[in-house]
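Undergrad: Sequence:
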Amino acid sequence: MTRRIGAGTGAISRMSAHVPPRPEPHPEPPPSPLPIPQPHPLPEPPKPPPLPTTPIARAAGSQSRVARRSPRTRRLLRVAALPELHSFGIAVVLKGAVEATPPDIVLLRAEWPERALLRAQLLEEGYDVVATDAWPIPRQYLRSGMKPRLLIVDLQGLPEPREVLEEVGGVMPRERVLVITALGTMTADEVVRLGFRVAKRPISVGDIVRAATEVLGRATST
Numbered sequence: 001m002t003r004r005i006g007a008g009t010g011a012i013s014r015m016s017a018h019v020p021p022r023p024e025p026h027p028e029p030p031p032s033p034l035p036i037p038q039p040h041p042l043p044e045p046p047k048p049p050p051l052p053t054t055p056i057a058r059a060a061g062s063q064s065r066v067a068r069r070s071p072r073t074r075r076l077l078r079v080a081a082l083p084e085l086h087s088f089g090i091a092v093v094l095k096g097a098v099e100a101t102p103p104d105i106v107l108l109r110a111e112w113p114e115r116a117l118l119r120a121q122l123l124e125e126g127y128d129v130v131a132t133d134a135w136p137i138p139r140q141y142l143r144s145g146m147k148p149r150l151l152i153v154d155l156q157g158l159p160e161p162r163e164v165l166e167e168v169g170g171v172m173p174r175e176r177v178l179v180i181t182a183l184g185t186m187t188a189d190e191v192v193r194l195g196f197r198v199a200k201r202p203i204s205v206g207d208i209v210r211a212a213t214e215v216l217g218r219a220t221s222t
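Residue numbers (our numbering): 1 to 222.
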């Protein structure tokens with residue numbers, strides 16, 4: 001039995017000697033890296049429009065608060081840079097720059113919150129009001145013959161108030177001008193000596209509206 005096992009073992013050994021070796025597996029290639037997406041170039045920002053070159057365009061485009069002004073005021077800005085505007089006839093030729101009917105009240109006041117509040121209250125009373133913070137706009141109304149029924153001039157924050165009142169007195173009936181005094185500008189006595197109606201500070205919006213209504217009532221009765 002031992003020889004048979006040995007013979008069998010040798011046969012197994014001889015058979016295993018003829019077994020071909022297993023081929024070694026080929027290594028898999030490394031995965032290719034994913035492509036990195038390249039950012040698209042940003043479009044160039046649009047170029048700003050060219051600056052206005054004509055006097056009318058500069059007058060209309062240089063105002064930073066045009067959007068908050070009334071259509072009447074925006075149209076008037078087109079002629080704000082025309083010092084030769086002396087009559088309403090010239091203004092009508094300029095593509096309807098101003099309207100044929102003057103407003104009831106032109107309000108000149110530098111501070112925006114107070115100006116907006118006073119204008120809103122006057123509108124509630126039924127008046128047609130043009131409010132502005134710059135003297136050239138009322139100046140063009142007066143020079144073109146568009147005299148309002150009442151001009152309200154607030155001296156608070158107004159540069160060169162005396163020169164403004166002197167110019168107003170040359171083109172506007174002084175009894176139709178209501179001047180609101182301010183500390184450090186002109187006294188009430190100085191304004192009265194110039195022939196204007198005066199409202200002294202401290203004063204509320206309601207007091208100004210009542211004073212304006214009184215002046216307009218007198219102007220209507222006369």
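Careful: at least some of the hints might be erroneous.
[Claimed, not checked] Beta-carbon label-pair distances, calculated as ranges:
1) 201 / 169: 18 to 28 Å
2) 45 / 200: 47 to 57 Å
3) 194 / 101: 23 to 33 Å
4) 188 / 114: 12 to 22 Å
[Said to hold, decoys possible] Dumping the calculated SDA-like pairs for lysine to any residue here, alpha-carbon to alpha-carbon at most 20 Å:
5) 147 / 101
6) 147 / 136
7) 200 / 187
For the record, the hints were derived by calculation from the structure and aren't laboratory data. Being a predicted model, the structure only gives us computed values, none of them experimental. By construction, the Cβ of each residue, glycine as well, lies at the ideal position given by its N, Cα and C atoms.
Undergrad: Run every hint past the structure and note whether it holds.
TA: So, going through the hints one by one against the coordinates:
Separation of residue 201 from residue 169 is about 21 Å and conforms to the stated range, judged on CB atoms against 18 to 28 Å. A C-beta distance of roughly 53 Å is found between residue 45 and residue 200, which places it inside the suggested range of 47 to 57 Å. A C-beta distance of roughly 29 Å is found between residue 194 and residue 101, which places it inside the suggested range of 23 to 33 Å. Residue 188 and residue 114 have their C-beta atoms about 19 Å apart, which keeps the hinted 12 to 22 Å range intact.
Distance hint between residue 147 and residue 101 is fulfilled; the C-alpha atoms sit about 9 Å from each other, no more than 20 Å. Restraint check: the Cα-Cα separation between residue 147 and residue 136 comes to about 14 Å, which is no more than 20 Å; the hinted pair holds. Between residue 200 and residue 187, the direct Cα distance comes to roughly 9 Å. Compliance with the 20 Å bound is thereby established for this hinted pair.
Hint check: no violations occur; every hint is consistent with the structure.
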